[in-house]
Amino acid sequence: MHATPRLDRAFAALSDPTRREIVGRLAKGSARVTDLAEPFDMSLNAVSKHLKVLERAGLVQRTRTGREHHIALDPEPIRRIAGWARHYERFWNDRLGRLEAFLRTSRRSD
Amino acid sequence: MTTVVKDPTTNLLRVSVPRRIEASPQEVFDAWAEPELFRRWLEPHEAILRKAAKDELWYWQADHAGRLWSHYCRYLRVERPRVLEFTWMSEATRGLESRVTVELTPSRGGTDLVLTHSGIPDDELGRGHEEGWTHFTAVLAEKIKSLRR
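One line per chain: the protein sequences are A and B, in this order.
Just so we're on the same page, the working numbering is the position in the first sequence counted from 1, plus 1.
Just so we're on the same page, the working numbering is the position in the second sequence counted from 1, plus 3.
Residues from chain A shown here face chain B by an in silico Cβ test under 7 Å; the list is partial:
hint	residue
1	Tyr89
2	Glu90
3	Phe92
4	Glu101
5	Phe103
6	Leu104
Hints are computed from structural coordinates only; laboratory data are not their basis.
Where is the CB? At the ideal position from N, CA and C, for every residue including glycine.
Let the sequences and hints guide you as you build the complete structure.
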């Protein structure tokens, strides 16, 4: 499977357990930055840093209403690599690679 | 490029995998349709394979991603050397009869193969939202591990 730079950024962003928890929280619905900071016992500043990483990875989107920042999940990068479809994509790429190799060697021995 | 498409009416997924192969369509077709050739590259853990013919049944166990997967299949279209189509049932299709179509087109002295696997249930929709996300993060964790390796 070819990971695009965008997917690589998504993987890197989600390698951090706090950011995975933030994503898990956002999966239930969008939230204000202050709401997100609450369960983590973290400063707003620290949460903002995590959110910036997630934003750059294209995993969340920020909208401003006056002074409030609302954060919503953009599941597309995750969706692209989830589920059985990806399972089958890997599976068939793997098997077709074997088919190719098999035909290459059987040709040589003809 | 590999594509994944969701049918908006059934919510079932279709995965298309193209592959260029340096052998004639006849050779590629026989590698699928002749049991003794098929076995050599499919590398099943266990299998009951038959020469491809319409409505012929076959069974095999794949050793994939660290475990064994049983598959139950039936040939639907056997048109040498252009099309081979069969049903595909396993735990991963949740017992649904998904469909695999292998299309072979002669091209520049070789073969352009397109494998289309359709009717795959969308796992993330089958679960609740939250549970689905737990599944996503598990998939991600696994993926991250493999990237680091």
